[in-house]
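One-letter residues, chain by chain:
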Amino acid sequence: MRRRPGIAGLQNAAATRDQFRLVGENVAKVRTDVMKEQLATFRSQLEEFARKHKSDIRKNPIFRQQFHEMCAKVGVDPLASNKGVWAELLGIGDFYYELGVQIVDICIATRSHNGGLIDLLNLRKLLCQKRKATLESLSEDDCLRAISKLKVLGSGFEVISVGRRKLVRSVPTELNKDHSGILGLAQAEGYVTVEQVEKEFSWSTGRAIDALETLLKEGLAMIDDGHRDGKRRYWFPCVTVSSDTAGGEAK
Amino acid sequence: MQRLGDFRLPPFFNYPPYFTLQPVRETREKQVQLWKDLILEYCRSQKIHTISLEEDFPLFSNPKIERSLSHEAKEVFLAALVSEGRAEWMDKGHKRCLILWLRIQDWANLIINFVKDNGLEVMTIEEIRSGIDTRGTELEGIERSVLMRALRQLEQKGKAAIFKGTSADDEGVKFSV
Chain A
1 MRRRPGIAGL QNAAATRDQF RLVGENVAKV RTDVMKEQLA TFRSQLEEFA
51 RKHKSDIRKN PIFRQQFHEM CAKVGVDPLA SNKGVWAELL GIGDFYYELG
101 VQIVDICIAT RSHNGGLIDL LNLRKLLCQK RKATLESLSE DDCLRAISKL
151 KVLGSGFEVI SVGRRKLVRS VPTELNKDHS GILGLAQAEG YVTVEQVEKE
201 FSWSTGRAID ALETLLKEGL AMIDDGHRDG KRRYWFPCVT VSSDTAGGEA
251 K
Chain B
1 MQRLGDFRLP PFFNYPPYFT LQPVRETREK QVQLWKDLIL EYCRSQKIHT
51 ISLEEDFPLF SNPKIERSLS HEAKEVFLAA LVSEGRAEWM DKGHKRCLIL
101 WLRIQDWANL IINFVKDNGL EVMTIEEIRS GIDTRGTELE GIERSVLMRA
151 LRQLEQKGKA AIFKGTSADD EGVKFSV
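These protein sequences, in sequence, are chains A and B.
FYI, UniProt numbering numbers position 34 of the first sequence as 34, with every residue one higher than the one before it.
FYI, UniProt numbering numbers position 128 of the second sequence as 128, with every residue one higher than the one before it.
Just so you know, not all the hints are guaranteed correct.
Stated by the list, open to error - Taking lysine to aspartate or glutamate pairs in the EDC-like style, the calculated list, with each CA pair at most 16 Å apart, reads:
#1 B/116 with B/133
#2 A/199 with A/218
#3 A/132 with A/98
#4 A/217 with B/117
#5 A/231 with B/29
#6 A/217 with B/29
#7 B/159 with B/117
#8 A/59 with A/142
#9 A/231 with A/195
Just so you know, these hints were derived from the structure itself, not from any lab.
Extracted from the complex, chain B is given alone in its bound form:
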């Protein structure tokens, strides 16, 4: 099985036609489904939050079979993720895409459960993103904007309160579970 780093690539990745946008509807649907799943799984495993269409993304080409996705193909697959709510375009030109391998709702749940399990009450934003407590968990390295959105969701539900410190680094959150 081929790997990209320590990530196991699925069999379809080695089949050249999957790198060309298929014209036949049923075949195209299958193709889009496979690529959508692959993008989400890969980003989740590598903790990649954004994909830029203007930079090389290792998942979009397979040197072993000498095939790469065209710009159009990449757009189609990412757009499919966007319409499912698993990704968001970060710019009007559709050049950068935020990948929500967990939805904001899922992140919110993850955070609340983590906080409950560890008996934590107050944390700074930076601690959540890169502190000792979250090391090795999915929260480690979470994209700032995604984290803030999840926290705001929790705030709306009355489960958290975001407060500012003396500088941006001190921004923190108090949980009430």
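With the rest of the complex left out, here is chain A:
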């Protein structure tokens, strides 16, 4: 661009900039239009796919998860609304809604035993009992999706990772680092002693007892004074993964 001196030159430069801007916007618009079109096509193909494979999606948790991932890639959330096209197509909204209600039931039923924190695998097992289904038919992914919808209820439903396990929290109790540390430590044997906690984290006795007593008060721990070595043990029902969930009476 040849610079021309004077006002005319300035006006020219401005006009040129405007033109470039318009072209730029046009290019962007074209790109967006093309993208929108591509997405629309993709979406309708996805709907077609969903229609065709409706029964597979309902029956097979792995297929279901892959379907969700596909949807996520194009920005479709089949669970966003119970009334949407998707809900009608698949009745999938109902599946997760029902699952969510059952999860709430189980969390409430087991709360007095585990303090509102339950191991995700235990939750799945109890769900399968309730639904009279096999463990394979209900994946971890299914539970996580149903729980993420529950978060909307705002009553503190959340999945947290402690140690190498996932726990579902159904009470507003916040776990600080000391507490999470203890829960992680408890995963080995289901319980901890004050000594073990002190040693593992190099804490003072006071700090260890404080944390343990808080967990006890929150209902997340139970004491056990019956061992012949006379040492008090703090047991954590939420980290025990068992075939018979002790005290779990979710029916």
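Since chain A is already given, all that's left is putting chain B on it; use the hints.
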């Protein structure tokens, strides 16, 4: 599932902390509830009518996990049953406890229904407790004092009349249904 004889034990029985009295209120309430139900179910299935705190009671310890209830814990659980009317202390020292896995009222109803169903009019006390007619029913082996209380309740309602025979063995009851 663990068993005590032919009785199926619930899962909580294998979880050590349940054998220690829990200090936190909500946890304690859950614990008491579980033990109350277990005691009633176990006594009903084994037809045990009394528990003595001075003797070993198989339900109060679990050798598999090496845990036993303390005396205090046993008292707490039994006291909870007493306040619900499902048990009664037999002595001031709270050493023996009568377990009413059926309430006296329920026993009375059971007896009246049994008598109706079987067209019986007169029975001796011993026949009710150990006769052929009651074999295999819940009435078999019923604790004498419990039976008498149930019969007296029926007497008050005019549905039965207790009479004495020549000796204590002949004590009987006439039903009017």
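Pair hint residue 159 of chain B and residue 117 of chain B, alpha-carbon separation not exceeding 16 Å: Given that 16 Å is the threshold and the Cα spacing comes to 15 Å, the pair holds.
Could you grab the alpha-carbon distance between residue 132 of chain A and residue 98 of chain A and see if it respects the 16 Å cut-off? This hinted pair holds, its Cα atoms lying about 14 Å apart.
Quickly compare the C-alpha distance for residue 59 of chain A and residue 142 of chain A to 16 Å and report which way the hint goes. 12 Å, holds
Regarding the pair residue 217 of chain A and residue 117 of chain B, is the alpha-carbon distance no greater than 16 Å? 54 Å, violated
Below or equal to 16 Å on CA atoms is what counts here, so check residue 231 of chain A against residue 195 of chain A. OK: residue 231 of chain A and residue 195 of chain A at ~9 Å, within 16 Å.
Within 16 Å, alpha carbon to alpha carbon, are residue 231 of chain A and residue 29 of chain B? 24 Å, violated
For residue 217 of chain A and residue 29 of chain B, compute the direct alpha-carbon distance and say whether it is at most 16 Å. 14 Å, holds
For the pair supplied as a hint, residue 116 of chain B and residue 133 of chain B, confirm whether the alpha-carbon distance does not exceed 16 Å. Roughly 13 Å between the alpha carbons, so the hint for residue 116 of chain B and residue 133 of chain B holds.
Take a quick look at whether residue 199 of chain A and residue 218 of chain A sit within 16 Å of each other, Cα to Cα. Not satisfied, since the Cα-Cα distance of roughly 24 Å exceeds 16 Å.
When each numbered hint is compared with the structure, violations occur for hints 2, 4 and 5.
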